[in-house]
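There are 2 protein chains.
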Amino acid sequence: MQKTSICPKYEFAAELLGKKWMGLLILVLLQGPLRFKDIKKEIPDMSDRLITERLKELEEKGIVERSVFPEKPVRVQYQLTNKGKNLEPVINAIQNWAEVWV
Amino acid sequence: MQKTSICPKYEFAAELLGKKWMGLLILVLLQGPLRFKDIKKEIPDMSDRLITERLKELEEKGIVERSVFPEKPVRVQYQLTNKGKNLEPVINAIQNWAEVWV
DNA sequence: AAAGTTACTTACTTTTCGAAAGTACATGAA
DNA sequence: TTCATGTACTTTCGAAAAGTAAGTAACTTT
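Just so you know, the sequences run in chain order A and B.
Mapping the first sequence onto full-length UniProt numbering, position 48 (from 1) lands on 48, and the numbers just tick up by one.
Mapping the second sequence onto full-length UniProt numbering, position 8 (from 1) lands on 8, and the numbers just tick up by one.
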């Protein structure tokens, strides 16, 4: 990310998407705001540890927003920011390719 | 890839792209056929070991074709198949997003 | 009071990666 | 002939990332 120089911005994005579970995680978040448990339900093979870790990463990069609702049992919700929602064409492109070639 | 079931084809693609260096590797291969040493030059931070490993993986999945030209010093060339070339929209989508949001 | 839910965290194992050196084959220079 | 250089890998080994399982804190339901 720091030295290779074809296109640093692309490299940032490729490194982000180039992490295990990121593609799936963003796909499910495109559905709308989800709670931790809902993400678990959608991606049962992804461990709690990695869900937490990836969400934190996406939050730090401004792609996901974490909201806490202090209801009776506290509710934590994750949703894509604009930056995140704009990844939809990427996800769609992957889906289209997969439809045709996988 | 076997159990999670949102969309197995998408998951296959996401897992492929979701590997370190894959995004960059495919990007540089979109330029046209390249030799091992050229890939090294384009992605200096990627180790020989991983270049070999990723290319082998892409070859097995029918995304890259490896050709050996028995010239004076043997020449080995890697190029995208149709399946691989059709990843261009995906790469472009990533690039567009990166341009705007990174 | 015991058991369950939610959103995590911690500890430990396994897998993957990175860095460096080594290999096989060939050409070219000293 | 010996040495250095180049290409395309392969091997080795320590470090980082991911997988697995169990634990925690706050609250709710039974």
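One or more hints might be untrue.
Identical chains blur together in the list; that is why a pair holds if it fits in one copy or across any two.
Once the Cα atoms are required to be at most 20 angstroms apart in a straight line, the calculated SDA-like pairs of lysine to any residue come out as [to be verified]:
no. : residue 1 : residue 2
1   : Lys-20    : Asn-82
2   : Lys-19    : Met-46
3   : Lys-37    : Asn-96
4   : Lys-72    : Asp-38
5   : Lys-72    : Leu-34
6   : Lys-19    : Gln-95
7   : Lys-72    : Asn-82
8   : Lys-72    : Met-22
9   : Lys-61    : Asn-96
10  : Lys-40    : Ile-6
11  : Lys-72    : Asn-96
12  : Lys-37    : Lys-61
13  : Lys-72    : Val-102
14  : Lys-37    : Glu-88
15  : Lys-56    : Glu-99
16  : Lys-56    : Leu-34
17  : Lys-83    : Trp-101
18  : Lys-56    : Cys-7
If you are wondering where the hints come from, they were derived from the structure by calculation, not from laboratory data.
None of these values were measured; they are calculated from a predicted model.
Handout entry: Which numbered hints fail
Key = Checked against the structure, the hints that fail are numbers 1, 3, 7, 8, 11, 12, 13, 14, 15, 18, while the rest are satisfied.
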